[in-house]
Structure formats: C-alpha cells, structure tokens
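J.: Protein chains in written order, with the numbering used here: chain A, 4 to 464; chain B, 39 to 494.
Everything labelled a hint here was simulated from the structure, so no lab data went into it.
Among the clues, some could well be false.
[To be verified] A few chain A residues facing chain B, derived, Cβ under 7 Å:
1. A78
2. G81
3. T91
4. Q93
5. P450
For each residue, glycine too, the CB sits at the ideal point set by N, CA and C.
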Amino acid sequence: MAKITKRSWAEPYRMKMVELLKVTTRPQRLKALKEAGFNTFLLPAEDVYIDLLTDSGTNAMSDQQWSAFMTGDEAYAGSKSYYRMEKTIQDYYGYKYIIPTHQGRGAEHLLSKIMIKKGDYVPGNMYFTTTRLHQELAGAKFVDVIIDEAHDPNNPFPFKGNVDINKLDALVKKVGASKIPYICVATNVNMAGGQPISLANLKELRKYTKKHGIKIIHDMTRVAENAYFIQQREKGYQNTKIKDIVKEICSLTDGATMSAKKDALVNIGGFLAINDWDIYEEARNLVVAYEGLHTYGGIAGRDMEAIAVGIVESLSDAHQKARVGQVEYLGAKMQEYGIPIVTPIGGHGIFVDAKAFLPHLTQDQFPAQTLAAEVYLDSGVRTMERGIVSAGRKPNGDNYYPNLELVRFTLPRRVYTQAHMDVVAESVAMVYENRTKIKGLKMIYEPKYLRFFQARFEQLK
Amino acid sequence: MRTLTEPFKIKMVEPLRITTEEYRQNALEKAGYNPFLLRSDDVFIDLLTDSGTGAMSDKQWGGIMMGDESYAGARSWEHLQTVVQNLTGMQYVLPTHQGRAAERILYSILGGKGKVFISNTHFDTTRANIEYVGSEAYDIVCKEAEDVESYHAFKGNIDLEKLETLIQQHGKNIAAIIMTVTNNSSGGQPVSMKNMKDVRAICTKYGLMMVIDGCRIAENSYYVKHREEGFENKTYKEIAQEMLNLGDAFIMSAKKDGMVNIGGLLTLKDEALSVKCKNLLIISEGFTTYGGLSGRDMEALAIGLEEVFDKDYLHYRIRSTAYLGEKLREKGIPVVWPIGGHAVYIDAKKLYQNVPLEEYPGQALVIDLYLKGGIRCVEVGSVMFGKYDENGKLIPAANELVRMALPRRVYTQSHLDYVLDVFDDIIEIKDRKKGFKITYEPPFLRHFTAHFEPIK
Numbered sequence: 004m005a006k007i008t009k010r011s012w013a014e015p016y017r018m019k020m021v022e023l024l025k026v027t028t029r030p031q032r033l034k035a036l037k038e039a040g041f042n043t044f045l046l047p048a049e050d051v052y053i054d055l056l057t058d059s060g061t062n063a064m065s066d067q068q069w070s071a072f073m074t075g076d077e078a079y080a081g082s083k084s085y086y087r088m089e090k091t092i093q094d095y096y097g098y099k100y101i102i103p104t105h106q107g108r109g110a111e112h113l114l115s116k117i118m119i120k121k122g123d124y125v126p127g128n129m130y131f132t133t134t135r136l137h138q139e140l141a142g143a144k145f146v147d148v149i150i151d152e153a154h155d156p157n158n159p160f161p162f163k164g165n166v167d168i169n170k171l172d173a174l175v176k177k178v179g180a181s182k183i184p185y186i187c188v189a190t191n192v193n194m195a196g197g198q199p200i201s202l203a204n205l206k207e208l209r210k211y212t213k214k215h216g217i218k219i220i221h222d223m224t225r226v227a228e229n230a231y232f233i234q235q236r237e238k239g240y241q242n243t244k245i246k247d248i249v250k251e252i253c254s255l256t257d258g259a260t261m262s263a264k265k266d267a268l269v270n271i272g273g274f275l276a277i278n279d280w281d282i283y284e285e286a287r288n289l290v291v292a293y294e295g296l297h298t299y300g301g302i303a304g305r306d307m308e309a310i311a312v313g314i315v316e317s318l319s320d321a322h323q324k325a326r327v328g329q330v331e332y333l334g335a336k337m338q339e340y341g342i343p344i345v346t347p348i349g350g351h352g353i354f355v356d357a358k359a360f361l362p363h364l365t366q367d368q369f370p371a372q373t374l375a376a377e378v379y380l381d382s383g384v385r386t387m388e389r390g391i392v393s394a395g396r397k398p399n400g401d402n403y404y405p406n407l408e409l410v411r412f413t414l415p416r417r418v419y420t421q422a423h424m425d426v427v428a429e430s431v432a433m434v435y436e437n438r439t440k441i442k443g444l445k446m447i448y449e450p451k452y453l454r455f456f457q458a459r460f461e462q463l464k
Numbered sequence: 039m040r041t042l043t044e045p046f047k048i049k050m051v052e053p054l055r056i057t058t059e060e061y062r063q064n065a066l067e068k069a070g071y072n073p074f075l076l077r078s079d080d081v082f083i084d085l086l087t088d089s090g091t092g093a094m095s096d097k098q099w100g101g102i103m104m105g106d107e108s109y110a111g112a113r114s115w116e117h118l119q120t121v122v123q124n125l126t127g128m129q130y131v132l133p134t135h136q137g138r139a140a141e142r143i144l145y146s147i148l149g150g151k152g153k154v155f156i157s158n159t160h161f162d163t164t165r166a167n168i169e170y171v172g173s174e175a176y177d178i179v180c181k182e183a184e185d186v187e188s189y190h191a192f193k194g195n196i197d198l199e200k201l202e203t204l205i206q207q208h209g210k211n212i213a214a215i216i217m218t219v220t221n222n223s224s225g226g227q228p229v230s231m232k233n234m235k236d237v238r239a240i241c242t243k244y245g246l247m248m249v250i251d252g253c254r255i256a257e258n259s260y261y262v263k264h265r266e267e268g269f270e271n272k273t274y275k276e277i278a279q280e281m282l283n284l285g286d287a288f289i290m291s292a293k294k295d296g297m298v299n300i301g302g303l304l305t306l307k308d309e310a311l312s313v314k315c316k317n318l319l320i321i322s323e324g325f326t327t328y329g330g331l332s333g334r335d336m337e338a339l340a341i342g343l344e345e346v347f348d349k350d351y352l353h354y355r356i357r358s359t360a361y362l363g364e365k366l367r368e369k370g371i372p373v374v375w376p377i378g379g380h381a382v383y384i385d386a387k388k389l390y391q392n393v394p395l396e397e398y399p400g401q402a403l404v405i406d407l408y409l410k411g412g413i414r415c416v417e418v419g420s421v422m423f424g425k426y427d428e429n430g431k432l433i434p435a436a437n438e439l440v441r442m443a444l445p446r447r448v449y450t451q452s453h454l455d456y457v458l459d460v461f462d463d464i465i466e467i468k469d470r471k472k473g474f475k476i477t478y479e480p481p482f483l484r485h486f487t488a489h490f491e492p493i494k
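Make the full structure from the sequences, and use the hints.
T.: Laid out in structure tokens, this is it:
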C-alpha cells in the first residue's frame, strides 16, 4: 500500500465551538456494553468517545448556520423560514413543490402512502431499512435492481450504485409497468457502502422509465457526495461544479425524499419534493395529520433556516473534497493495517467486511454485530452493524441473509479531526490482531420491525 | 385591573412589519381568505396559536447550545427522560417530533375499526387521528360548558353521567377515555382534580384506559390551586404530578406548556404497550432516544418543563390572557366566560349575528381582524368542525368561536392594548350581513388549507 503523503483535503473551516468528550476505561466499557445488550444503539452517548454510529443529524453546523438559526421564524403558518428553505430547494435542486417533514422517514411515509397501492412493486438500487419498511407497510414489494457488482465488497467498479436496467426490464415484463408506481433511486447507496450512481446510468434509466411511464423518486440524502464522485470518476465532468452536477441529477428525476440530516449539514429535518401538482396537493393534505402544517411540517422555523444555509454549503467543491477526503484517509489507514474494507471507498464512511474479518463466525453468529461490540470495547469508538441484523426478516418471517455483512464507520460531517481518525484506525488494527479469539453473539430479544435498533444480544460461550 | 407583572425582561427581539389595510387586502386575496395560508411576514400580531410560538428563556437557549446530537442515548435525552418521569410518575417516556405524532402512535394501537374514544372534548388533530383509523370519537363536556357566557370554575370537566351511559352502550369497544387538560376546544377551560379522580375511579371500575392529553397541564394546575378546595398550599408542580399520576398514559404537545418551539411526548405506565409504541415510533418518528427531535430541542424541553411551573410565570401567563379577555368583555364583545388560560374565545355567532351560519360568521370575524389590524387568529366553529348532510347542506358546529391564542412570553401589554383598539373598528362593522363561502376544501382537516371567497 502506498504511503500517504498528501494532506490536500485540509478542512476549509476551523473550529469555533467544541464539545468535551469523556474518556472511559475498558472495564467501564465492558459494563456499558453488557447493559446495552451488545447493541451499540443502546449505549448511552456519554460512554462513547468517538461516535461513528451515523452521519445522520450528527453534523457540526457552521457559524453561518447558527446565525441563520437565530433568525428562525416560529410562526405556525407561513413562516419566513419556510419560504427561504423552499426557495433554496427550488434554486439548488430544481424541484417544484416542497413539503417539509420532521425528518427523512416522514417524507418516505407520506410518499409511500400516496403513491403505493396494495400489490404494487417498488424497484430500487438496493434497499434501505426505513425506506423498504414504509414501502412494505403501504402494501408494496421491494425489488432490488442494483447491479451485481454492488453485492461484491471487493469489486473495484467505480459506480456500484448503478441500476441494472435489465433487472428492471425483467420486472416490468413480469408484473407490468402499471404495477410499478415509481423506482426509488438513491444517490450514494448507503447499504452498498456509500457507492455512487453515474449520470450515464441515470440518463439511461430516465429514457427507459419515460418509455414505460414510471416515475423516478430520488432518495437524495447524500446527493452532493454522489456528485463529488461523478466529478472525480465520470468522463466529462472533471470541470463541472458539484452544484451543477447535483442539479443535473435532480433534473433526471420526478421527485425526492430527503433526510436533511446528512448532506444538508443539520441536526434535524427533511422534506418531500415533487414536480407533480396532484401528488403535492395530496401530500399537503396528509402532512398536516402526521407531521405538521405544510409550512413547517414538524420542524422548527430555525431548523428550516439552518437547512437553507446547509444546502448551499454542502454544494461547495472544497467542502466535499474535505468531506470525502477524510473518509478516504481513514480507509487508507485501515488498508495499511490490512483490514478488509469495502472498496472503492464510499462517501460517508468506511464499511469493514466482517465476514472476512471474522471468518470463523457463521452469519447466524452475527459477525458484524460482534465486531462493532469489540471495537467499542477496545477504544470507545461506536459503529453500526449493517448485515444480517439490519436486513431483518421477510414479510413471511424468514431472515434475509444479505451478501454484505458489514460494520459501518460513519463520519459525521465537520466533527472529528485527523487525530480522531488515527485513533479509530489503530483501534480496529488492535482488534484485528486479536481477531481469532473473538466469539460470536446470540440474539436474546428481537423487536418486530427494524430490529437492529433495539435487539439485545449475549456473548456465546 | 392591575398592570401585568412580567417576571422576566427582554433579552432578544424579533422586528415586526407594519402594513397597510390595502396591502393586507391583497395578501388576503392571495391566501384564499384563509389565515393559515398568510405569510407570517404579513402579520403584525400573530394570535393564530400558542403552539410552538413561545419565546424561550436564556436558560433554554443555553440548553440549545448544550444539546447532545448523538443519534442514540444522548445526554439531552437522559435529561429529558428524568424530568418527565419525575413529573408524570410514568416510567416509559417516548419523545416525538410533536404532539400529533404521539397521538397517532397511541391511538393507532388502541383504536381501529369499531373502537370508541370518549373525551371531554377531542382536539381537531386528535379527532382526525382517531377517525382516520376507523374509530369513533365522542365529546361529552359537562353541561355548564354549553352556556358560554356564564361562570363556572371547571367548564372543562367531563360529564360523568354521560360517561357512564356511553360505557354501558359501548362496553368492550371503548379504546380509551381521553381527558384534555385544559380543554382547548371548549375555550381553554380547566378540569378539576375531583373530575379527574372520578374519571379514574370509573376507568378502574370498568377496566378502561385513561389518557391525559395534557399539553396545558401547568395552566390547568393554576386553576386547581386557585379554584378548588384543598389545593391552596400545594405547588403547581405538585398538583400537576398528582393529576398526571391518575392517568395510564400522558400525551403532550410540548409546544405549549413545554415552553418550546418543537417537540412532543408520549409517556406510559404499561411496559407491554410501551414496547408496541416504541416499534411504531422508530418507523415513523425516529429512534427511541430522539424520536425525531434534535438533542438541543430535548434539552430546551427539559428546562421548559421546569420553568413552566414557576409561580410568577404562571400568574403572569393566566393574568395576561385574562387581561385581554376582561377588557374585551368591558367593551361589550361576547367572550367565552370565564377566560381560559391560553386564549380568548370570541362568540362570533353573537357578535356577527346577521351573518348566517352557512356563511361562517367566525371566518368573517377572523378576516376583519386581519384586515383592520394585521391580527391573525383562527376560527373554531363550522369551518373547523362543521359537517355536511347527504344533500351537501352544512351541519354547523355547536358554537361559532374565534380563538385569539397568546404565545407565551412573546407579546407585551401594549401589544394587547393595540388588539383592544382594533376591536373598536370591529364594533363599528358588527352588523355586517354577508359572510364567506368555501371555494376549495380537502377531505379532512379542511380548515388548514381551504380557500374562501367573500359573498357579495
């Protein structure tokens, strides 16, 4: 592995406010882990040193965002802050009608309720936990149409988020386009390891769906990170600004759900964006029952201000270079230590291949869940399982057995420093050295939906 | 009437814009004569709601800066959980992005086709949530509430006789008894501790679940202390604790007495039910330790729930609303009496008696108040609660009220005096004969997005 000599992604910001962290001992962490049933979701944040559980809502806002935050208009109806957010979304993403929601899953909930009929099929470039669940609860069956390369953690293909049009075509031929209300296209596919979709693929998909009258709904929570990869990897876009690539991506779709807690650099908020007036009208009537009146949708005025500023900041080339640069730095460090990770390195985190890390454990012994617990025990670094536990069960009760059994090291935006990254990589290396001694887990409590959040485990003897 | 004593000074201000009547006429046309569709920029005094519109204290803003945004197990969550457990005596606390999400979660589990909910009065979103899952909602507020202008200390009480009768009729189909304190839709009127205890006894007798919808629990405690025997020497917080402990579940839109701009709570005594609710919470709101709220908002709420029980604050709060209401009454404006905690309710049927009910006298008053003074308030009458018969004819609501809700710690006494002055203009036009017609309406909760046109 080549030595890292470049530091060219140095952050285009400096620290203006800090949050103190607690350093714990191994016995303290073992106690905390047992109390949390070996599920990192159930650990108190206080007992965590470096929190890489998620990049969702854990971002550091800029001084510009904090100052906009102070100007938030908390009026129940017609808040100035809503109009500012609406205009920013229209200007930068290009969608016509905007419904704010308290977070991304609020938008998914509305969209699924409006667009899906019982017996429908919703294809997508790999599932996401909450997205698929809302589709299923609305009566649809999710069909994975991502390219096969995405399921291979070591395939170097640069656009592992691409849709396999042949798979989609097979579905259309089988069930008919009228049973497919939309295809859900995620930019930077989370469950594949933060992998991008190319503009070429999206254009081809647009052509195909137009022909068959199928809408494209864009799961756009990490669209800017996807745009960065297009700029770096796709022919013809090296000199295009990220903000222009983002706009082009959005223009090829009919609407979007957004969790603003990722790219948009805020701690809470989301929205549904749609170009079709009828869907908008229905969403506007529904949102008031579930989220809040359509000009606040369950978020405070100040948070809409912060989103408006955050969207603009997220589309800066310098920001994305530093953002993805930090992820790549951590990944390269891990590779130096020989840790098996998903490649190419994705946009929002490093995905460690737990099957390769702990080959002596079967998938039923939850290798990724085990590894996440071991890393926490070693250093207080909190990560998340993305394998058999997250995949959950099929509607008929059988376990999904996903090909990918991963531990996600997700980097909050603008929060941790390079020294933090070094600590993380060293901790994983330490666990890797002692990997043969690690025992698996068994599940002792399993909730009905989205079990990864609350499931409890015990160490196998 | 003594001048209001405000137990705070101003630390941050938000400039307001003053507009002309001509400008406002134009804004109204654009908004389809629906105040919910006005831009807040075009409003001078915003009395649309007391929900989420309050001013936080410097201490709460400090909490905002301290908020822990960790996705799971945040410090701010632990702080909030401790405060809420202490207040409610209930062990299981679920945060939600606001109150209606807490309602949706609980009522979709308890309700369903053929189920019945009984309440002193269901609030509009509560009723919508219940009816949406195919259940029925019965309002049985006490008889004294029917006469809007006579004094009774606890007009928010439920009618216990009717409650017994309904229980006999519906038996096993009853999903829950919901006590709304204070009773928003019947004029922000309080519920007595005695009434709550009687409901508790009935629920225990029949094995029914008692839910307290307590977004204004502190304001209710004020009335219990000052109007009900035996509570003179208890603190407001002790009264609230005693009342909440009567329930099996507590639902709160924290945007009212939580003194915050966003947030809600669902708390439960029963573990099995809490597990079901948590499953739904995760799907639609967020993980169990943030429920769709940012860490900072949970921190602000934890602090707000302590501040709201301060005796000087509550005195200021209740007296400011009474100040506006009593002065209006002196002017001869018919108001719901006695004045409630969070809002003054004007009897539009009586004030605009020449406007037919089918032409929504409440809506006409709301529009006039905006036009004359840039004041925004809301109709609580046939626009909000009216229904149609088979022939499409309006079945009017029981009352045609206009609610002027006071945001907490936002407007000064001179703002209230300005509102009073605008009513002099209203008195001049009170004999108007024509009202409004609806030109667009969605299938449910129509008051939020409907469009109107003045009848020529």
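J.: Which of the listed hints are not met by the structure?
T.: 3, 4
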